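Those protein sequence lines, which keep their order, are chains L and V.
Residue numbering for the first sequence follows this note's numbering, starting at 4 and increasing by one per position.
Residue numbering for the second sequence follows this note's numbering, starting at 472 and increasing by one per position.
Hints are computed from structural coordinates only; laboratory data are not their basis.
One should not assume that every hint holds.
Here are the simulated PhoX-like pairs of lysine-lysine, each with C-alpha atoms no more than 25 angstroms apart in a straight line [to be verified]:
1. Lys97(L) / Lys528(V)
2. Lys541(V) / Lys97(L)
3. Lys542(V) / Lys97(L)
4. Lys542(V) / Lys528(V)
5. Lys71(L) / Lys57(L)
Source: prediction; values computed, not measured.
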Amino acid sequence: KNEVEQSPQNLTAQEGEFITINCSYSVGISALHWLQQHPGGGIVSLFMLSSGKKKHGRLIATINIQEKHSSLHITASHPRDSAVYICAVRGNEKLTFGTGTRLTIIP
Amino acid sequence: DGGITQSPKYLFRKEGQNVTLSCEQNLNHDAMYWYRQDPGQGLRLIYYSQIVNDFQKGDIAEGYSVSREKKESFPLTVTSAQKNPTAFYLCASRDRGILSGANVLTFGAGSRLTVL
Numbered sequence: 004k005n006e007v008e009q010s011p012q013n014l015t016a017q018e019g020e021f022i023t024i025n026c027s028y029s030v031g032i033s034a035l036h037w038l039q040q041h042p043g044g045g046i047v048s049l050f051m052l053s054s055g056k057k058k059h060g061r062l063i064a065t066i067n068i069q070e071k072h073s074s075l076h077i078t079a080s081h082p083r084d085s086a087v088y089i090c091a092v093r094g095n096e097k098l099t100f101g102t103g104t105r106l107t108i109i110p
Numbered sequence: 472d473g474g475i476t477q478s479p480k481y482l483f484r485k486e487g488q489n490v491t492l493s494c495e496q497n498l499n500h501d502a503m504y505w506y507r508q509d510p511g512q513g514l515r516l517i518y519y520s521q522i523v524n525d526f527q528k529g530d531i532a533e534g535y536s537v538s539r540e541k542k543e544s545f546p547l548t549v550t551s552a553q554k555n556p557t558a559f560y561l562c563a564s565r566d567r568g569i570l571s572g573a574n575v576l577t578f579g580a581g582s583r584l585t586v587l
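Isolated chain L, as found in the complex (with noise of 0.2 angstroms):
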């Protein structure tokens, strides 16, 4: 078993719906990051988090530590969100990655 499991793998939605990933991982963590990754490759970090809940513009990511969970949520989805997703775990100097998330968002 993955020490962090994203569901769904791929998950594709009209414009306009709510999004919602989820990561839960099986080891103890002092941070999780979630991680966007276009079709170039590159990868920007969209948050880090320890505890409860952080928004940016359309983005809502939280966490619950006690069910080793987190969610990131898009709201008013848009084509241009369609990427893949990342959850990472960040236990002491090391990171753990999921295996992504693809979303696709059709107009």
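Add chain V to chain L, keeping to what the hints say.
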């Protein structure tokens, strides 16, 4: 603007050749990392460095080597000992301070290596 520059973006290599991927950052970050990405797998850590002149093996260091002679530079050499080097390689850096915004990872655009 501050960021991480990786070069080359695409690289082709013949079997048995060593190749060096460049990673330069002007963010004044202490920690730097090299990851490998393969289809269907999460990023895997090759090497990391927390300070100049010091680096540690990651999970898949065999067949790779690094150096950290300057704070801003962390080149990765893929040696002929790496049995399956075709992959996408990502360099990242992190400010290990305690100020707001610290500990966020910044990634380069990646280098795609293909062994012919």
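Right, here's what the structure says about each hint:
For the hint linking lysine 97(L) to lysine 528(V), the alpha-carbon distance of about 11 angstroms falls within 25 angstroms, and the restraint holds. This hinted pair checks out: lysine 541(V) and lysine 97(L) have alpha carbons roughly 22 angstroms apart, not beyond 25 angstroms. For the given pair, lysine 542(V) sits about 20 angstroms from lysine 97(L) by alpha-carbon distance, which is consistent with the 25 angstroms threshold. The suggested pairing of lysine 542(V) with lysine 528(V) holds, with an alpha-carbon distance near 18 angstroms, which does not exceed 25 angstroms.
A distance of roughly 17 angstroms separates the Cα atoms of lysine 71(L) and lysine 57(L); the hinted pair therefore holds under the 25 angstroms criterion.
The structure fails none of the hints (numbered hints given earlier).
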